Every structure is written in C-alpha cells, then in structure tokens.
Amino acid sequence: MREREGPPVLELDGLSRAYGRRMVVDHVDLVLHRGEILGFLGPNGAGKTTTIRMALNLVRPSAGTVRVLGSDVWREPRRVLPRVGALVEAPALYPRLSGRDNVRAFAAAVGGARPAAIGELIELVGLGEREHDRVRTYSLGMKQRLGVAIALLNDPDLLVLDEPANGLDPLGIVEMRDLMSRLAAEGRAIFLCSHVLREVEAICTRVAIIDRGRIVHQGSVDDVLAGTGEFWLHVAEPGQVLALLQAQAWGRSARLWEGRLVTPSPTGRGRDLTAFLAAAGHPPDALDRFRHDLEDVFLRVTNVAEGIR
Amino acid sequence: MNGFRALVGGELLKIRRQPANWPLPLFMLAQVFLTALLSSGDNRPVGDQDSVVRAVLDPLTLTLQVGVGLPLLVLAVLVVGQEYQLGTVRVLIGRGTGRVRLLLAKLTALAIVAATGAVVTGAAAAGALWLVEPEPVRTALALGGPIARDAGLNLVAVVLSLAACILLGVFVASVGRSVAFGLALALIWFPIENVGLLVLPALTVLTRQGLWDGLTLYLLGGNLNTMVQALEPGRRTVVFLAAPEPQVDGKHAVLVVLAYLAVFLATSLGLSWRRDVHA
Chain B
1 MREREGPPVL ELDGLSRAYG RRMVVDHVDL VLHRGEILGF LGPNGAGKTT TIRMALNLVR
61 PSAGTVRVLG SDVWREPRRV LPRVGALVEA PALYPRLSGR DNVRAFAAAV GGARPAAIGE
121 LIELVGLGER EHDRVRTYSL GMKQRLGVAI ALLNDPDLLV LDEPANGLDP LGIVEMRDLM
181 SRLAAEGRAI FLCSHVLREV EAICTRVAII DRGRIVHQGS VDDVLAGTGE FWLHVAEPGQ
241 VLALLQAQAW GRSARLWEGR LVTPSPTGRG RDLTAFLAAA GHPPDALDRF RHDLEDVFLR
301 VTNVAEGIR
Chain G
1 MNGFRALVGG ELLKIRRQPA NWPLPLFMLA QVFLTALLSS GDNRPVGDQD SVVRAVLDPL
61 TLTLQVGVGL PLLVLAVLVV GQEYQLGTVR VLIGRGTGRV RLLLAKLTAL AIVAATGAVV
121 TGAAAAGALW LVEPEPVRTA LALGGPIARD AGLNLVAVVL SLAACILLGV FVASVGRSVA
181 FGLALALIWF PIENVGLLVL PALTVLTRQG LWDGLTLYLL GGNLNTMVQA LEPGRRTVVF
241 LAAPEPQVDG KHAVLVVLAY LAVFLATSLG LSWRRDVHA
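Protein sequences, first through last, are from chains B and G. Residues 1 to 309 in the numbering used here are what the first sequence spells out, letter by letter. Residues 1 to 279 in the numbering used here are what the second sequence spells out, letter by letter.
Hint data in this document are derived by calculation from the structure and do not stem from the laboratory. Here the structure is a predicted model, which means the values were calculated and not measured. One or more hints might be untrue.
Estimated spans, in silico, between C-beta atoms of each pair [to be verified]: (1) Leu241/G / Gly45/B: 33 to 43 Å; (2) Gly119/B / Leu38/G: 50 to 60 Å; (3) Leu124/B / Arg16/G: 25 to 35 Å; (4) Pro95/B / Lys251/G: 42 to 52 Å.
Each residue gets a CB set at the ideal place from its N, CA and C atoms; glycine is no exception.
All chains should be built: construct the whole structure from the sequences, respecting the hints.
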C-alpha cells in the first residue's frame, strides 16, 4: 500500500495549448490524488488527447504547468515520468517482436526490469500463454492488455489510460475494471479517458468534462450524478399524477423523464411525497431518489458549452 | 542497471529480434563474395608495398564502406523511423526517456552494430581474399609495420563512411519521421550525388562556368568515394564510382565529410529535442 499523504499525484495548473490562434486546451486545472480514479470525458476534438500529451511530455504547453508528485514534468521529466504509466489511444507496440520482447524493449525506458517482473506483468494481464508469439498475431484486445502491462512497468504511481477497454470482450472489460479498482485501492491514481460512460460511472470516483478545450464540469461522481432533491416514481396512472403534482406549488417542475415520473417532494423527504400521493388516491408502486446518469450530464454540459449541436 | 546502458540494450534488442533487420547481414556477405570474385584471377604483381596495399587493403576498405555502410544506412532509417511510424516513441518519451537521450542511445546502438559488422565483415573479406589471392595477403601480413600507416588511413576512410551512413539514415528518418520517407531519401542520396559528379563537369563544359565543378568538391558521396586517394596521394588507389573534379586533398575531404556529419547530427538532435510528438 502506498503512502497517501504528500503532494497530489497529478496537478494541471492553467494548462493551455494553442495552435495558431486556436486554443485547443484552454486553462485546464485538475488535481488528482492517490487512490482516485478520475474520468476525463469530452466529445471528439475537445482537447482530451492534447491534454494527455502535454501531461506526458509529448506536446509542449503554450502556458501552464503539469506536476506529478510535486515535480514539474517539463522541468524534470527523467525524475517523474518513470512513475507514470500510460496507454494513449491505440496501444503502440512493435508488431514483429513477441509480447515478452515488447515488454523488455519498453522496460529499457525505465532502466530495465527483472525477467520475473516482466513475467508477472504478462500473467497479470492474462497473456502468459501467448507471450512468445509475435504481437502482429494478437487481437486488438490482446494488444490492449499488453499495452496495460507496459503501462504498469516500474510500478507507477499514476496511470493514464485512454480507452483501456477498447477491443476487449465483456469478460475482459470486467477484468480491466477490477484491475483498475484494485490498482487505485493500492494507492495509485488513475486518469481514465473513456467514451463508455457507464464504465466511467461504475469505477470513477471523480469526473471532469472538457469541451472546446475548457473544463465545463467536474466533481465527485456522486455530486455530478446527484439530482436536486427529486424523486422518481412508478405509479399506475402517470398522466393523472403528473397533472396533480404540477398543480401543487412545490411540484411545478414534475415531469415525465424516460418513461418515469420525476418530481420534487413537498418537504424534500420521500415519506411525505408517498403520504401525499396515498392521500390523493395514487399510492406509488415504487419510489427512489432521482439520480442523473452520466450520459445525461455529459450531453447537457457539452450542449450548454456549445449550444445545440 | 544504468539508465543509458538499459536504453542502449533495449535498442540492441529491437535490432536483434526484428525479422525486418535479418536480411541486412546477407548484403554484407554478398559484398564479401563480390570482393572475392573481383579479386580472383587478378594476377597483379605483388612486389612492392603499394601493389600489396592496392590488392589487399583497398578491396577490404571498399567492402567495409559499401558492404557494411549500405545495410547500416537502411538500419539507421528503420531504427529511428519505426518509432514514429508505430507510435512507440510516445511510450518511450512518456516514460521519461529524454528525446535527445533516446536518439543518443540509438546512435550508440548503431555504432556498436557498425563496429561488430565491420569486424565480422572485415575478417570474412580478409579470409575470402586469402582464399582467392593468397600471395598478396601473405605479403601484406609479412610486411606488417610498413603498411600500418596505409591501413590506418584506410581505416579512417571506413570510419568516416560508416559514420556518414549512420548519420544520414538518422537524419532523413528524423526529418520525415517515417520509414518510407527515410528509406526513399536515404537510398537515392548517394546515387543522385554520383550522377551529379558525372553531370556537373559536363555542365561546366557546356556553360563555361566553373561553378558546377566547384559544386562537386562539396558533395558528401564524392568526397567519400575519393577519401582513400585523398588521404594517400602518394600512391595509386582504387577509387569507387565518381570523384570530384579536380581531385581534392585529404584535409578538404575530411573537413567536408565532418561538416556533413555535424549538420546531420545537429539537425537530428535539434528536431528530436524541439518538435512535439504527435505519433
């Protein structure tokens, strides 16, 4: 288990990148602590990949800083970047080398690795039986697993994973999710880019949404998904109940949403809403706190930022 | 393990284990056979020192310059270009390998391959010469000391040729960041220069302008072709392909080649250091 005290694992401070007059990344501020899994979301071309590339010393920022464990990535890359494992976009591998030789070749970048450690990583991602086969014979999912093994070289404190579930079968996706949760539980920080919002919702502790280069929404997953004290109801006659609720001063925002009735409560408590409906002759069959799903939040905040697409 | 040593080890692993590189030693072997073939039946008198040097050292030098140089040129393009083409450079740099450090590790690995290739090819070529023309080889071995200076100057020519091949390959791959672009440019570089060495003097005659002849003095390939002759003006040497007109002296040839090497190296390092990685 890693020490949870100390500086944030990753800090982006005013990070910006312009190509000519176009700001691709515009003053992005993010902090990631140990044990956190941050979902970094955004539409295509929003600036996700450029942000990651700046964090990994690949693209020079126009302004701002990237710090890993308190050290500036662009001033001290050799000190901090060996502590960062990354899988950016499609896994970049040597197709004519075996899986094992690929790991050995990349291990050289972090000062080499013991053969036993390489074997353990390959086993961890489930490629033990194919480690001596050339990578060109691997499926996309297997390449993805190998990319993760390479990212885990040198036992990094920060993992930057861009679409790690890409190409994986359902079992592989579950295994990847478990692996990420385990790595975070051991005290690593994970910066996860994904278009699979359900995955992000399931495993991330925080999310940040970027659009047109700016962070348009960020917070803990619970905060982002929390409704505004509303409840969803399942009732026998939703049309009649909706009219009844909208006639109340406290219920004007009641609405039908994806086939369900969503409404505030007279007092903010579920029991009072149940009592009101029962008294009106419409006792609910089911009632729960209303939560947004991440897809809804994502579409809403990116539309707000851009206007209707 | 020391970080830089590990990096060089990683580069050597990639060179050794990638099947695309395996045919390259066959070219060295083919050059050894060609040298043996061209030398066989050449009943040159071996009485004086110059004729011994011409019969043994010059073919060996040519074998190393071409037989090791050309595969090295291709290998240098592959070693640098594939990292950009495959996108693997972003993983290496993203793990803290400095851009310049990575390039220096690649150059070191290529230098190790060049030295190994030169020793193996040189030994094979010497053995082949001994088989087809034993007398000059025996005489050369017997002479020992007196031809050491010639051998040293020929070695300088070989080292400069191999360095030029490595740095040219690294330069074109760094500029184009692609194997295809690098190979295309690297493989036409010397043929174009050799054609230029033939065409430019003709232009001098046609236009009555000495400028064209002057240009031949500063071509990399021409100066490498004539390097042995330029370094050893006192003896008649084997000149491969075309040479600058008029014949340059040793100092000029070495300086021109060193200038090219410096430009290739500085440009490759500068581009690697300065440019963003979008691979």
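Right, here's what the structure says about each hint:
1. Leu241/G / Gly45/B: 33 to 43 Å: 52 Å, violated
2. Gly119/B / Leu38/G: 50 to 60 Å: 51 Å, holds
3. Leu124/B / Arg16/G: 25 to 35 Å: 27 Å, holds
4. Pro95/B / Lys251/G: 42 to 52 Å: About 48 Å separates the Cβ atoms of proline 95/B and lysine 251/G, which means 42 to 52 Å holds.
Checked against the numbered hints given earlier, the structure breaks only hint 1 and satisfies all the rest.
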